Each structure stands twice: as structure tokens, then as C-alpha cells.
Amino acid sequence: MKRYALSHLKQLEAESIHIFREVVAEFERPVMLFSVGKDSVCMLRLAQKAFYPGKLPFPLLHIDTGYKFPEMYEFRDRLAKELGLDLIVYRHELAGKLPHPIDCQKCVNTLKTQALLDALRKYKFDAAFGGARREEEKSRAKERVFSFRDQFGQWDPKNQRPELWNLYNTRINPGESIRVFPLSNWTELDIWQYIYLEQIPVVPLYFAKERDVVIRDGQILALVPPNSLLPGEQPRRMLTRFRTLGCVPCTGAVQSSASTVEEIIQEMMTARVSERATRMIDHNVEASMEIKKREGYF
Amino acid sequence: MSASHTVQEFIRNNAQKDILRFSTCGSIDDGKSTLIGRLLHDSKNVYEDHIAAIKQTSRKRNFSEEIDFSLFTDGLKAEREQNITIDVAYRYFSTPRRTFIIADTPGHEQYTRNMATGASTANLAVLLIDARNGVVTQTKRHSFILSLLGVPHLIIAINKMDIVGYRQDVFEAIKSDYEDFARKLDIKDVRFIPISALKGDNVVHRSTNMPWYDGLSLLELLETIYIGSDYNLVDLRFPVQCVIRPSMDFRGYAGTIASGIIRRGDEVMILPSGTVSRVARIVTYDGELDEAFPPMSVTITLADERDISRGDMIVHRHNLPRLERHFEAMLVWMDTSPMDLNRSYFLKHTTRTTRVRIDEVRYRVDVNTLTRQPAQPLTLNEIGRVVFTSVTPLMFDAYQRNRATGGFILIDPHTNATAAAGMIIEREPSDHLPSHITGPAAYPSLTRHESLISREQRSTRFGHAPATVWLTGLVGSRKTAIAYALEKRLFDLGAVAIVLDGENMRLGLSKDLDFSSAGRAEHLRRAAELARLLNDAGFLVICAFTSPNADIRRQVAQIIGLDRFFEVYAQAPLQWCEQHDTTGLYAKARRGELPHFAGINAPYEPPAQPALVLDIPAISVQTAVDLILTLLRQRGIFTRPSPPNSPPPPTPSHSSHTDSP
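The listed protein sequences correspond, in order, to chains A and B.
FYI, our numbering numbers position 198 of the first sequence as 505, with every residue one higher than the one before it.
FYI, our numbering numbers position 276 of the second sequence as 280, with every residue one higher than the one before it.
Calculated from the structure, these hints are not laboratory results.
Hints are not guaranteed to be accurate.
What the hints assert, rightly or not - Covered by chain B, according to a simulated footprint, are these stretches of chain A (three or more residues, beta-carbon under 8 Å):
1. 319-332
2. 348-359
3. 462-468
To be verified - Computed beta-carbon distance windows for the label pairs:
4. B:V280 with A:E389: 24 to 32 Å
5. B:R405 with A:I395: 41 to 49 Å
6. A:D393 with B:F519: 48 to 56 Å
Keep in mind it's a predicted model, so treat the numbers as computed, not measured.
Note that beta-carbon positions come from the ideal geometry of N, C-alpha and C, so glycine has one too.
With these hints in hand, go ahead and build the complete structure from the sequences.
What follows is the structure, encoded as C-alpha cells:
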């Protein structure tokens, strides 16, 4: 490498750090959405880097639907304790109490999106960091780094502020907010390389293990509460891992033998399926992500 | 091969890779989406589930089994419904040699705003030309915007070569047309490739259909084009983003290196204060560094305690940016509400946000013909050259030299919309820029409150109407002497009069201003506002200011009020003023020590229609006073008669305040 050149990961890192600092300098009450997944832990490391040797100047917020994997809760609480994080866990009153079988659409609308909007309002957060990446999904490809949300938390894709250079427009009126995406320009492969290079701990669900699963509608679902067998279904034991982490009822596993970060990267290098293919929620309606985002989802 | 060995090799390879950010542009039917789809597909950067989905959609829409490559860049629901692209979309792919970020900018009527956005961070642009149509208006328009945004490299992809029979003469004719046109633009590096996005010729793989072309394929060029020199490594500019102060013994200045290289031990200057210190440490989470360069985000500590905050800039002492409030820029208007000259906008530049006033639109560029049009407020997607004055000084470089310190955005203070993007121009020193002083109020929501005392009531008490006598003329034309003599005479006649002169004001009210044209204009604005307040209080105000600029005197008159402003021209030949000069100012100006000295190295614009002209060399100061007094009497301002041979009347009593103890 030439002397005064940065590798692409170092460039992405520098850009993300710039974004974190810009928010802290210009907003009253920022918060970081922490979903416990791989993107969240990367985001957390980048935030630590941005304010080193100081502590994080904002709290973390976990919107807990009550349906996360037990490993996620364990990981979250251990991390918060080890790093001394200011972690807010917010649960909708219906969290973990939806009627069976769980309606994934309803889970997202109420336990995630509505709960998120409620929490942002309750704590008067004016800027919220999210770990979304433009590469993930086509409506995200047009998302700004600083994404304006009106008083109802809604996104208007037709009326976005132009974003030039690294000059972000942070001006809002009371009640409005900005969603900030420091990982906008990162890809899934970048995330895993960064986790590898930085030795960032991740939830063990990402690693392959023999798991009790059921195959339903082409998706491999873990047999973990609240999932249970429907009449006529057979339980199976398969070597699987999770490529993305969400709620138990709507997160599919993939067949894989990748049990280390190295092996995951190797798998990614030959991966031929996009990561959101395992998110059942995205398949429901055409343009479903765009609709969710308009309503206030990340 | 073990997984860990492969991964280590892979990551090692990746550590050598850099990012190329490029934007794509072209008219609607030039095949841009197809090209991007082809690039992603042929370089194996598309996932199988995406391909499956696209095959399905291709069947549904085109009734064809062939992949419609344009669908890879299919975007929002709203866009599919209208079959247009609304917004810049960002796409990511990588090859073993490089990672790429594509800013895919649509070609329809919102092109200017979107193209400027996409181009602002691009190292390179791929501009498509339809081989059947050649260089068209759109091509010129897009090229102009790319050159305006300072995109360093440009690839002209002449597409649809399959339709023109892969003919070399077609390619060469378009290339030569474009070269003729591009001479007018400022783009450093232009390359040409004949392609067919639809058939895949020269996109990823070199084509066998055009043996006459012996250059690289588009992807090969994207992978190898040298972008290392795109960053400015010469001029250190470190805008302070925030101060990190976790404890009493650590105070770090966090920011992203905009340009240049900073090293431990460097002597640095902090702007705008101008204080000097030394770089003590360059701190990062991953350990301390000896040096840092763009675009690294670091934290710097200094050897001395200095008062530094967000918006300040750390630079090398002998390589300074411009530090000024008055500057000129090319502006791309991006808001649906047009430019409002009576509004003060927020300007965000590096990490500094200030308010600015738009002094003047010099011209508008017709992007279709690249000609200059008469100035008028810019509207959505228009581009023009604009003069600004900011409330606090900016530390800037010309955009062409430094994108990071030459670019800014304007934000509408009412809607918070990003109204415009600006690129600062080097050419004019700020002293030559036109300036305005009757700018809008900084906060337009303020309202003016009316006094309960009427003008007539005040006039009755003082025995005269309020007015401002504005003496203008060259330095040494006896303005000040006349002003004070007039004040004395009026006082003796029982009037309430006061002199405002330039030098006195510079010692107090205008102490913070420099002698640049913006500083001078502000100085006169303050004098005018003060005169207006004193007039409102019922006073007679006598102003003595060289005020050489006719336009600014006109603005002064507007502030004070045309009905009570009397322009008096102290007319004296330059030679006479210089000969009788006792201040030494003319000598200094002749030696070039005083820039913009009226009559010597800056023009004096005599009033076109002054209320009174004083022929200075011919008359005495007392005669001048008599003439002005006569003027005031004629105009009904001061009607009290001068008592012949009688002592001046006593000063009127001012102790009529009812609330005094």
C-alpha cells in the first residue's frame, strides 16, 4: 500500500467516526439503537473509537420485542456490564404477549416500529443511530446518512435532503428527528472483515451448530420458544447458523458449517444469496421494506 | 487449503485495496441502468436470489426470458410506478483489486441536484453517450456539472456500439466532437471507451467485436485508474469537529483531516484566533500515531492550553487558508423555494455553521448552452455565480484546490431544507467584490416596535426636525473640520446635534472591523443605523465619512430614510487634498501601504445628485457651515433664526424626566 493511502476498511471506519462525532456535536440528545446483531456491535466499536479516550456520550437503546433468542439477551447483558454501557431496554406493553401463532407483520408494526417511536418520544431523543446499510435492500440504497423524520417518525423518500460531501444538514424543528446511519457505505462482507480484524465478539448464533429446527415455507426455523411444531411438521436436527438476527418466529437459519469468523468470511466470499433472504418479513409484500421505513421503521 | 489460511490471504489482499467512488450519468435512454446491471452481473457481484427475482420480473414486464439488466438498479416503489428514477442510489461492489461505491444518478429533470450530490464525493464519473446520437445537449450539461463539482477523472462510455455496427469512425467522430467541447471545461483526465452495455462489449470483458480498440475494458479501467493524487496532501486543514475532554488531564481536538499531513511535533496555528502551539499527540483508539493524513479521523492534543472549539481550524503556520467574511462561489440551487435575497441563510462549511447574506447574483449559467445569463435569484436546479457575506469569518480555500475546504451547503432558516451547494471561487480578492449593506435582518421574525412619542412631539421640544447631513469626499477634503464646526454652530443656536466621524467610530463601535470592502461596508452600515437611531430620537446628525462608493451611499440613505438624508459633497481636487494632507495617509497610500485608498488605488465616485456641493479649496470652513445651515433652513429642518450680534441662546433644559428622583 502506498504511504498516504488508506485501505477501504480504514476509509469506511474514518467516515463512520466522522458521522458519530458530527451527531454528538450538533444534537442535544442522541441515542444508539442497539439490536445486538453484527452491525450493532460494529457500530458500537466505531462509536468507542470516535470518542476515545472518552466514554460514549450517548445511551444505547434496545427495542425488545420479547421474542429474541435467549443467546441475544445473554450477550446483550454481558456486553453492557463489561463495557459499562448506558443501556435502555424498551418494551412495548404487548412485548412477548402476542397471540399464537405470532404474526410477524404485527410484531414488526407494533413491537418494533411503534415501540421505537414511543421510546424516541418518551426520552426526547432527537437523533438515533441505526446500523442499516444501503447495500442491504433496494429502498435502503436511496437512504441518506442523515435521514430526516417528521414528527410521526415517517420517512418521505420523495422529499429527502440532498447530501453533499460530508456536510450533513442537522437542522430540525422540535419533535422532528434524524435517523443516522454510520454504516451506510459498509457491505456485509466489510462488516465481517471488520469483526475479524478488530476481534469484536458477536452473538454465538452466527456460528454453525447442530440445532433443532423445522422447515416451514422454505425457511429453516429454530425450535426455540415461541416457535413450536404445527400439526404434521417434523422436527429436524441440522447444522445451521444465522446470517441475520431478528425475532425467533421470523428469522430463518441457513445450512452452514461455518463455526468461526474466518469460516463465515470464506462462506461469504462464495455466498450467492443475499442476507435478507432469511428475513421472512421482507418477503411478505412487494416493496415491504420501503413501506416499513415510511412508517418509521429503521 | 484451510479456511483460516484463505481468509488471512483474503484479508491481506483486501488491506491493499482502496475505494473508488464513481458516479454514473447520461440521458434517460443512454443505457445507464443496463450498464450498471451488466457491471454488477458480469463481475459476479449479484446474489442468486436477486437474479431469480429479476428473471421473474423480466418475464412479467418484458415477456422475455432474457435478463433485463436495468432491473438490477430498480429502486423505490414510487419510482417503479412512474417508471422513473427519483433519487441518487448507492450501489456497492468489489473485485479483487478494488472496492467500488457507485452513485447512480438519474437522468431526468432533477438531474442537476442529483448529479451534484453524486459527484460531490466521486473520484470519477462515467458519462454515457448514445453512439447513435453523439454529443448532445445533455452530454454538455452533465459534463459541466461534473467539472463544476471538481470530479478529477472522467470516462466517456460511448454506448450502443452494437447498433452502429461497432464502427470505429462513429466512435472517433464522437470522441473528437467531445474533445472539442471539453476544452472549455476543467476536467483533468478524460478517457473514451466504446461499449455495448446490452451485449456486454468492453464492460467487464474486452470485446472481440471491436478489434480496432486496443484499450482496457470499463471495469479494467475502473480497477486501475490512479486516484492516489486526488487528495490534497500539501495544505494542512484540520477542522475541529468536537472537543474530547474525559478528564482534567486530557483535552483532545477530534476531527477528520480535510487535507495535508499533520505530524507529532508540528508547529500549528489555530484559526481564527491565530494562536500558535505544537502538536503533542495524535491519539486514536488503536494507539498513537506519528502522522495523520486525509481522510483519517483522529484526535489531536496540543502542547499548550488553548481555547479551541468546534468550527476552529488547525493549520500549519506558514500555509494558511483564506480567512474572510466576504467571498464568491458557484452555487447550485437545490430547493423548490427559490433563492430569497432578503433572507439570511445558514451556511455549513467544514465544521462551522454561520449565517450568510447573499450580496449579489453575478450571473446565471444556462447549462444547456453554457452561456451566462443576466443575474436573477436562482431557482431549483439553476447554477450561478454568487457573492456572499457571512456573519463570522470562514477559513476556506478555492474549491478547485481543496474540495473539503472549498465546498459548503446553504440551509433555509425557515424550512431547514438544504437549499444549495456552493463551490468557492479563488479569483477575486474579497476587497474587489461588490458588497451590500442593506441586507436582511439576521432574524426575519423580529418585529419593529413603534415609539409612543411622535416625530412632531420631538421636533416641537427640540425646535427642529431630525436630519442627517452626510459629508462625503476624499481624505483631506475638510469634512471632519466642517462637521465639528457645524455641530458647534448648531449647538450655539440651541439645536441638539452630534457628529459621527469615521475615525471615532473605528476607535469604538467599529473596533472589530477591518479595512476590507466588507469591513468598510459594515462600518458604514453601523454609522447609518446609529444616525437613524439618533434621528429617531430627534437629533441632528452630522456624518463625516469618505464613503467613496456611490452604491453604498445609496444604501446608507435607505437605512436613514430618504426624507431626512442630505448628501453634501466636499469637492476638492485630489492634488489639493494630497498637498494639504497633514496625516501622512496619502504618502502611505502612494507607497502602496494602504490598499483601496480612494483617489490613489481605488476610485472615488462623486455623488450624482448631492443636496449640496462645497467647493472646498475656494471657501472657508465657516462659509461651508453657513451653506449647510442655509440648506437646512431651505429644507425646513432648522428654522430658528440666527440672532444677529447676540450671544448664543442658552442650552435647552433636558431635565424634564418625570421618573427622575
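Results for each hint:
Beta-carbon proximity to chain B at under 8 Å applies to 10 residues in the region 319-332 of chain A; the threshold of 3 is reached and the given coverage holds. For the region 348-359 of chain A, the stated coverage by chain B is satisfied: 5 residues place a CB nearer than 8 Å to a CB of that chain, which reaches the threshold of 3. Interface restraint, the region 462-468 of chain A with chain B: holds (4 residues with C-beta to C-beta distance below 8 Å; minimum three). The hinted range of 24 to 32 Å is not satisfied by V280 (chain B) and E389 (chain A), whose Cβ atoms lie roughly 43 Å apart.
The hinted window of 41 to 49 Å between R405 (chain B) and I395 (chain A) holds, with their beta carbons roughly 46 Å apart. Checking the proposed 48 to 56 Å range against D393 (chain A) and F519 (chain B) shows it holds: the Cβ atoms sit about 52 Å from each other.
Violated hints amount to a single one, hint 4; each of the other numbered hints is respected by the structure.
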